[in-house]
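Engineer: Sequence:
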Amino acid sequence: MVRKWILGTVLGLLVLTLAAPALAQGESTAAAKSPEKGQWLLISSAFGMAVAAAACGYAQSRALTAACEGVSRNPGATDTIRIFTFLGLAFIEFLALLTFVVVMLLLFA
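32 is the number that the numbering used here gives to position 32 of the sequence shown; each next residue is one higher, with no gaps.
It is worth saying that the hints were derived from the structure and are not from the lab. Note that the structure is predicted; figures quoted are calculated from it, not measured. Any given hint could be a false lead.
Claimed, not checked - When the alpha-carbon atoms are kept at most 20 Å apart in a straight line, the in silico SDA-like pairs for lysine to any residue are as follows: (1) K4 x L16; (2) K4 x L14; (3) K4 x V15.
Said to hold, decoys possible - Simulated restraints, written as ranges between beta carbons of each label pair: (4) I6 x T65: 15 to 25 Å; (5) Q39 x R62: 46 to 56 Å; (6) Q60 x L107: 21 to 31 Å; (7) F94 x V71: 39 to 49 Å; (8) S61 x L107: 21 to 31 Å; (9) V102 x S61: 22 to 32 Å; (10) M1 x G38: 15 to 25 Å; (11) T9 x V71: 42 to 52 Å; (12) L105 x R62: 28 to 38 Å; (13) K4 x I43: 34 to 44 Å.
Just so it is clear, CB atoms sit at the ideal spot from N, CA and C, and this is done for glycine as well.
Start from the sequences and build out the full structure, keeping to the hints where you can.
Structural biologist: Quick look at the structure:
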């Protein structure tokens with residue numbers, strides 16, 4: 001265990017050491033000729049929203065699967081399972097809505 005910790009520390013320090021010159025250099029002429037940052041912001045925002053929507057869809061399907069299994073195993077707990085399922089689905093959907101709000105703030109701010 002100690003050996004893994006030492007190896008991880010050494011590799012982390014190596015990565016930080018190699019990244020320092022890249023972070024210290026100034027803006028070059030190639031960066032000045034690159035497309036606007038807004039274009040990359042738009043692409044990364046669309047990618048982030050797509051990932052959030054896919055994750056929410058997957059999480060909602062898993063939540064509904066678990067709720068259906070719970071009801072089939074214990075039909076007497078249907079009301080309790082229904083309440084917690086709707087609460088869980090609301091929290092999962094909130095993730096997608098929060099991602100959408102952050103994307104809009106980044107694009108229009």
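Engineer: State, for the Cβ atoms of S61 and L107, whether the hinted interval 21 to 31 Å holds or is violated.
Structural biologist: Holds: the Cβ-Cβ distance is about 29 Å, inside 21 to 31 Å.
Engineer: Check whether the Cα positions of K4 and L14 lie no farther apart than 20 Å.
Structural biologist: Distance ~15 Å between K4 and L14 Cα, so the pair holds.
Engineer: Against the range 42 to 52 Å, how does the distance between the Cβ atoms of T9 and V71 compare: consistent or not?
Structural biologist: holds (49 Å)
Engineer: Look at the Cβ atoms of Q60 and L107 and judge whether their distance stays inside 21 to 31 Å.
Structural biologist: Since Q60 and L107 have Cβ atoms about 26 Å apart, the given range 21 to 31 Å holds.
Engineer: Holds or violated: are the alpha carbons of K4 and L16 at most 20 Å from each other?
Structural biologist: holds (18 Å)
Engineer: Could you see if the CB distance from V102 to S61 stays within 22 to 32 Å?
Structural biologist: holds (24 Å)
Engineer: Honestly, do F94 and V71 meet the 39 to 49 Å range at C-beta?
Structural biologist: About 24 Å separates the Cβ atoms of F94 and V71, which means 39 to 49 Å is violated.
Engineer: Taking 15 to 25 Å as the stated bounds, is the beta-carbon spacing between M1 and G38 within them?
Structural biologist: violated (47 Å)
Engineer: Confirm or reject the claim that L105 and R62 have a C-beta distance inside 28 to 38 Å.
Structural biologist: holds (29 Å)
Engineer: Taken at face value, is the distance from the CA of V15 to the CA of K4 at most 20 Å?
Structural biologist: holds (16 Å)
Engineer: Verify the CB-CB distance for Q39 and R62 against the hinted window 46 to 56 Å.
Structural biologist: violated (35 Å)
Engineer: That 15 to 25 Å hint for I6 and T65 (C-beta), does it hold up?
Structural biologist: For T65 against I6, whose Cβ atoms are near 43 Å apart, the range 15 to 25 Å is violated.
Checked against the numbered hints given earlier, this structure breaks hints 4, 5, 7 and 10; the rest are met.
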